[in-house]
Structures are given as structure tokens and as C-alpha cells.
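Undergrad: Sequence:
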Amino acid sequence: MTFGPDLTLALELADIADAISMARFRATDLLVETKPDLTPVTEADHAVEGALRRRLGVARPGQAILGEEGGEDACSSGSAQRWIVDPIDGTKNYVRGVPVWATLIALQRDGRMVVGVVSAPALGRRWWAARGEGAWADGRPIRVSRVAAVEDAFISYDGLERFDSETAAGRPTDGRLLRLAGRCWRSRGLGDFWSHVLVAEGAVDIAAEPEVSLWDVAPIQVIVEEAGGRFTDLGGEARADGGSAVSTNGLLHEEVLAALR
9 MTFGPDLTLA LELADIADAI SMARFRATDL LVETKPDLTP VTEADHAVEG ALRRRLGVAR
69 PGQAILGEEG GEDACSSGSA QRWIVDPIDG TKNYVRGVPV WATLIALQRD GRMVVGVVSA
129 PALGRRWWAA RGEGAWADGR PIRVSRVAAV EDAFISYDGL ERFDSETAAG RPTDGRLLRL
189 AGRCWRSRGL GDFWSHVLVA EGAVDIAAEP EVSLWDVAPI QVIVEEAGGR FTDLGGEARA
249 DGGSAVSTNG LLHEEVLAAL R
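When we follow our numbering, the leftmost residue of the sequence shown carries the number 9, and every step to the right adds one.
This list has only true hints and no planted wrong ones.
Label pairs and their in silico Cβ distance ranges: (1) A246 - T42: 29 to 37 Å; (2) W193 - G58: 38 to 46 Å; (3) E159 - S87: 45 to 53 Å; (4) S87 - A156: 35 to 43 Å; (5) W193 - E262: 14 to 22 Å; (6) S87 - A35: 33 to 41 Å; (7) R196 - L39: 28 to 36 Å; (8) G58 - E245: 27 to 35 Å; (9) A211 - A246: 17 to 25 Å; (10) A35 - G190: 39 to 47 Å; (11) R34 - R120: 31 to 39 Å; (12) G140 - V40: 39 to 47 Å; (13) G12 - G105: 35 to 43 Å.
It is worth saying that the hints were derived from the structure and are not from the lab.
These numbers were taken from a predicted model, which means no experiment stands behind them.
A virtual CB, placed ideally from N, CA and C, is assigned to each residue, including glycine.
Construct all of the structure, not just a fragment, from the sequences and the given hints.
TA: Structure representation (C-alpha cells):
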């Protein structure tokens with residue numbers, strides 16, 4: 009199959025990332041540090057992001073790069089195009105040897121997400137999308153489900169302890185996710201990228217995260233939307249920088265947002 013140059017480059021970047029991250033996955037001498045926000049970061053996180061920055065510097069000189077570990081390149085802050093990289097989404101899983109983690113790569117053009125790649129090499133899975141080119145998983149096109157009732161839906165979430173604390177992402181929760189999950193046919197805390205890409209491929213109908221950063225969901229937005237679903241923050245805005253994330257098959261979206269507000 010043939011894709012446009014932006015998506016082709018993003019897939020090349022994912023290949024580079026996979027080779028680096030898999031080489032250190034479950035290594036007994038893996039170097040792990042604690043960041044100021046008390047979350048872990050590994051040598052693999054730094055190595056992946058560094059390699060992708062170097063490749064983009066050659067392939068797309070002058071275009072902005074925002075990475076979870078290295079921040080944004082100040083010298084390219086005026087660029088209309090910005091690459092957004094999370095070298096390892098699910099670092100806690102990576103550190104413990106759990107295979108549910110991925111490299112997330114997105115391209116934002118004039119403020120709009122136009123390319124997204126989620127590559128989970130330990131699972132042997134990869135999802136990608138570009139505006140007008142559809143959404144794909146492992147070489148086949150994907151679509152969201154047609155489930156139209158919450159009572160028939162499969163919901164996946166991040167951590168109940170975060171969503172059902174007194175507040176999440178600055179909004180009161182009062183156990184609302186628990187009540188929504190209780191209405192659904194099935195609920196599982198799959199978390200991180202995994203919940204959202206399963207919505208895109210129709211295996212899950214609802215995914216919700218109360219607190220996210222832009223790099224956590226930048227590629228998710230375009231993948232879910234190109235698969236026919238909806239992606240918004242908890243306030244209903246179709247944006248990846250809103251601090252929270254809700255993905256659905258579209259049919260359920262307004263009811264889900266109403267339940268979580």
C-alpha cells in the first residue's frame with residue numbers, strides 16, 4: 009500500500025523507535041529514573057526520542073518537534089508543522105515487563121492533527137491514520153463499532169483511582185465513571201493508548217482518560233476520527249490538548265459526555 013509522504017515518514021519513525029525500545033524491553037540492567045512529577049523515565053524513553061529528533065532534523069529541517077522528555081524545540085517554534093512524540097506511552101508497564109506500551113507519533117499542521125501512528129511492538133500491533141487516508145491497523149483498514157446503546161457498550165478507562173477522586177482534570181467527578189461503567193455491558197481498565205485504539209478498531213466502544221498531556225493522545229485523535237469515531241476532551245471540544253480524553257464510536261459520544269460531566 010502507498011501512503012502520503014507525511015504518513016510514510018511517521019511509519020519510518022515508528023520502525024526506528026520499535027528497534028530501540030524492544031532491544032531494552034525486559035533488560036535486567038535497564039536504567040530507570042524518577043522525574044520531578046514522580047513518574048518513571050527510562051534510558052529507552054530518552055534513546056527513542058533522541059533518535060526520532062535526529063531523523064526529523066534530517067528529513068524535515070525547520071519543522072517543530074515536541075517530545076515528552078525533551079520539550080519543544082525553541083528554534084522552530086514558528087513552524088506551521090509540529091511533530092509530537094511520546095517515546096514510550098506506558099512507561100510503568102515497560103519498566104515492569106508488561107507488554108502494553110507504545111511509541112506515539114503525530115504531525116500537527118496549523119493546529120490540526122493530520123497524521124498519527126501508535127506502534128506497540130511488544131504486542132506486535134500498530135495503528136496509523138492520516139487525514140483523507142483512513143485509519144489502519146496492521147495493514148488493514150479499521151472502523152469503529154455500530155453499538156448504539158450504552159447498555160450494550162464495552163467501556164475502557166485509565167485508572168479508577170484517578171477518575172473517581174474528588175476531582176479529575178479540574179472537574180468534579182463524584183464517582184461518575186463508576187456509574188457509567190455500571191450501565192455498560194462490559195468494563196475493563198486497559199488504560200493509556202490501548203483503550204483508544206481499540207475504540208478505533210471497533211473492539212471497544214468507549215474510552216476515557218481524566219488527565220492526559222498532548223503527547224499522550226495527539227495521534228489518537230486522528231486515528232479515532234479517521235476510523236469514523238469521535239474524540240474530544242471531557243468538555244466536548246475536539247482537541248488533543250484539553251487535558252482529558254474521551255473516544256467513542258460517535259453514536260454514544262454525547263450520552264457519554266453527559267454522564268461524565
